[in-house]
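*Asks:* Turn these sequences into a full structure, and let the hints steer you where they fit.
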Amino acid sequence: MSITRKWATKQQRALEILVILERTYPDATCSLTYQTPVQLLVATILSAQCTDERVNKVTPALFARFPDAPSLANASIEELETLIRSTGFYRNKAKNIQGACQKIVSQFGGEVPQQMEQLLSLPGVARKTANVVLAHGFGIIQGVTVDTHVKRLSGRLGLTEQTDPIKIERDLMRLLPQPQWENFSIRIIYHGRAVCKARKPDCGVCQLAHVCPAAITPE
DNA sequence: ATCCCGAGGG
DNA sequence: CCCTCTGGAT
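Reminder that position 206 of the first sequence reads as 319 in my numbering, one-by-one numbering, no gaps.
Derived by calculation from the structure, the hints in this document are not laboratory data.
These figures come from a predicted structure and were not determined experimentally.
List time: in silico PhoX-like cross-link candidates among lysine-lysine, alpha-carbon distance up to 20 Å:
hint : residue 1 : residue 2
1    : K264      : K280
2    : K123      : K264
3    : K264      : K313
4    : K264      : K310
5    : K123      : K280
*Replies:* Next comes the structure, spelled out in structure tokens:
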């Protein structure tokens, strides 16, 4: 009952949230479309401040024209910008995608590196992108992916008081079992898109409302 | 006007 | 810490 919930530790609540999310979204996966780790990296860079749905509309033409790191490394920046324009921030993204692919070719043998430190050395790649690529590209769980949804829901659910994504990630890494880190993120993202939306959260149908300090529950 | 699977620079 | 980069959807 609410008595035990009131004194439940953050860790206990985090685990309960994880269990409910796994039951609610049993088939949740990465919603970006890609064929190779390089394509996953590119799609993830493109997903910054952009819906995955929008990313998936530009990547088919992009990857048909430039399917791998060498071709992206040698692409004309203008053509790259045109192909990815609708995802926003297209100048930075084009520059970063090309810069990352050039470094992948020159320093990593044309393959996406599988070490966090090496990934973070690529332009346009920070913890969020690196976590996505490691988890979905290679099955390596190094951290918790903290995107805008994970940030918003972690706050609403009372799992962290931090606002800096790096500090939020640190809190979530303490609260959740390591093998479940990406399971948690991917399902939080699903839930953030479908129910716990930024503007009008649908608390009335939310499976987590009973463990959520921010839930708006009608009497 | 606000938000979307952010990152880099000041 | 702050700001900027960007277009599309709501």
